[in-house]
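**Student:** Protein chains in written order, with this note's numbering: chain A, 1 to 140; chain B, 1 to 77.
Don't take every hint at face value.
As the list claims (entries may be wrong) - Far from chain A, some chain B residues (derived; all Cβ distances over 10 angstroms):
id	residue
1	Asp10
2	Leu11
3	Thr22
4	Cys23
What the hints assert, rightly or not - Computed list of chain A residues with no C-beta within reach of chain B, every gap over 12 angstroms:
id	residue
5	Asn31
6	Gly37
7	Lys52
8	Gly59
9	Ser60
10	Ala62
11	Gln78
12	Phe79
13	Val81
14	Asp91
15	Glu115
16	Glu125
17	Met126
18	Asn129
19	Leu136
Said to hold, decoys possible - Derived lysine-lysine pairs resembling DSS-like cross-links, with alpha carbons at most 25 angstroms apart:
id	chain 1	residue 1	chain 2	residue 2
20	A	Lys103	B	Lys45
21	B	Lys73	B	Lys55
22	A	Lys99	A	Lys58
23	B	Lys55	A	Lys99
24	A	Lys99	B	Lys45
25	B	Lys73	A	Lys99
26	A	Lys103	B	Lys55
27	B	Lys73	A	Lys58
28	A	Lys103	B	Lys73
29	B	Lys45	A	Lys58
Quick caveat, the hints were computed from the structure, so don't treat them as lab data. Where a beta carbon is used, it is the ideal one built from N, C-alpha and C, also for glycine.
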Amino acid sequence: MAKISLPIAGGAAKAPASDSKTPSAAPATGNKTRAEGGTVMTEIAHEVSANKLVLYMKGSPAMPQCGFSARSAQILSQFDVPLYTVDILRDPEKRQAIKEFSKWPTIPQVYIGGEFVGGSDILAEMYENGELGEMLSELG
Amino acid sequence: MPIEPEEIGDLIRVALPDAEVTCTDLTGTLDHWQVDVVSLGFAGKRLLAQHRMVKDALHERLMDGTIHALTLKTRTP
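Between the sequences and the hints, there should be enough to build the whole structure, so can you do that?
**Tutor:** And the structure:
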């Protein structure tokens, strides 16, 4: 388990609140799923706020359909935080929408505590340097 | 839909003129790339911000599938 706490001054390890491209496409409240009459965008907003750790991936953790997705699922499954995964191959509308929601053109995509964290390269690097373990342990 | 490594470097240097770009064709099909970028423009920026700078520079080629998969490494000199 990578529960390493790095002594980073000023809380620099916290997810950036100032990144101008963090998700802003959906309202902060009243995020309905499509089944509830919302849009795919509000459904994504609902997913990332209702679940502390979300992975948009190709396939499932048990049957990943892409090496990057497999690597991301494998890293995230090593922590005690419940992992909510969305198979975008089963949902073409969401496959496109998630790229617009995050302003990030590739999949997989990881959200922690409602914040977009990055793709598989960023996740792997944050896993190796302990930042990921720290973020997940701060979820509470 | 292939893309040549020179074009990847040129697109990145539009955003990061000093960038040293190393492209590795992972599959021999010119659409799965590992791209290592070294630039002073990354100084003081978090990893997500660094990757965004490169992905923004390649945005069109990523969205139209010219670049199908991208492994990215960014650092300062």
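**Student:** Hint by hint, note whether the structure agrees.
**Tutor:** Tested hints:
Non-interface call for Asp10(B) relative to chain A: holds, since the shortest CB-CB distance, roughly 19 angstroms, exceeds 10 angstroms. Residue placement check: Leu11(B) keeps its beta carbon more than 10 angstroms from all beta carbons of chain A (closest about 13 angstroms). The Cβ of Thr22(B) lies farther than 10 angstroms from every Cβ of chain A, with a closest approach of about 15 angstroms, so its non-interface assignment holds. Distance check for Cys23(B) against chain A: the nearest CB is about 15 angstroms away, which clears 10 angstroms, and the non-interface claim stands.
For Asn31(A), the shortest C-beta to C-beta distance to chain B comes to about 23 angstroms, beyond the 12 angstroms cut-off, and the non-interface label holds. The beta carbon of Gly37(A) sits about 29 angstroms from the closest Cβ of chain B, which is more than 12 angstroms, so the claim that it is off the interface holds. Every CB of chain B lies more than 12 angstroms from the CB of Lys52(A), the least distance being 18 angstroms, so the non-interface label holds. Distance to chain B confirms Gly59(A) as a non-interface residue, since its nearest Cβ pair spans about 15 angstroms, more than 12 angstroms.
Under the 12 angstroms C-beta cut-off, the non-interface status given to Ser60(A) relative to chain B holds; the minimum distance is some 19 angstroms. The beta carbon of Ala62(A) is kept farther than 12 angstroms from every beta carbon of chain B, the shortest such distance being approximately 22 angstroms. Separation of Gln78(A) from chain B is adequate, the least Cβ-Cβ distance of about 20 angstroms exceeding the 12 angstroms criterion. The non-interface label for Phe79(A) is consistent with chain B: the shortest C-beta to C-beta separation is roughly 19 angstroms, beyond 12 angstroms.
No beta-carbon of chain B comes within 12 angstroms of the beta-carbon of Val81(A); the shortest separation is about 19 angstroms. Under the 12 angstroms C-beta cut-off, the non-interface status given to Asp91(A) relative to chain B holds; the minimum distance is some 18 angstroms. Residue-level check failed: Glu115(A) sits 10 angstroms from the nearest beta carbon of chain B, not beyond 12 angstroms. The claim that Glu125(A) is not at the interface with chain B is violated, since a C-beta of that chain comes within 12 angstroms of its own (minimum 6 angstroms).
A Cβ of chain B approaches the Cβ of Met126(A) within 12 angstroms, the least distance being about 7 angstroms, so the stated non-interface status is violated. For Asn129(A), the shortest C-beta to C-beta distance to chain B comes to about 9 angstroms, within the 12 angstroms cut-off, and the non-interface label is violated. Look at Leu136(A): its CB is around 16 angstroms from the nearest CB on chain B, clear of 12 angstroms, so calling it non-interface holds up. Note on Lys103(A) and Lys45(B): the hinted pairing holds, with a Cα-Cα distance of about 18 angstroms set against a maximum of 25 angstroms.
Distance check on the hinted pair: Lys73(B) and Lys55(B) sit about 11 angstroms apart at the alpha-carbon level, within 25 angstroms; holds. Note on Lys99(A) and Lys58(A): the hinted pairing holds, with a Cα-Cα distance of about 13 angstroms set against a maximum of 25 angstroms. Between Lys55(B) and Lys99(A) the CA atoms are separated by roughly 12 angstroms; this keeps the pair inside 25 angstroms, and the hint holds. Annotation: proposed proximity of Lys99(A) to Lys45(B) holds, straight-line Cα distance about 22 angstroms (limit 25 angstroms).
With a C-alpha separation of about 20 angstroms, the suggested pairing of Lys73(B) with Lys99(A) holds against the 25 angstroms cut-off. With a C-alpha separation of about 10 angstroms, the suggested pairing of Lys103(A) with Lys55(B) holds against the 25 angstroms cut-off. The straight-line distance between the Cα atoms of Lys73(B) and Lys58(A) is roughly 22 angstroms, inside the 25 angstroms bound, and the hint therefore holds. Pair hint Lys103(A) plus Lys73(B) holds up; C-alpha atoms about 19 angstroms apart against a cutoff of 25 angstroms.
A hinted pair counts as satisfied when its Cα atoms are at most 25 angstroms apart, and Lys45(B) with Lys58(A) does not qualify at roughly 29 angstroms.
Taken one by one, the earlier hints fail for this structure at numbers 15, 16, 17, 18, 29, listed in ascending order.
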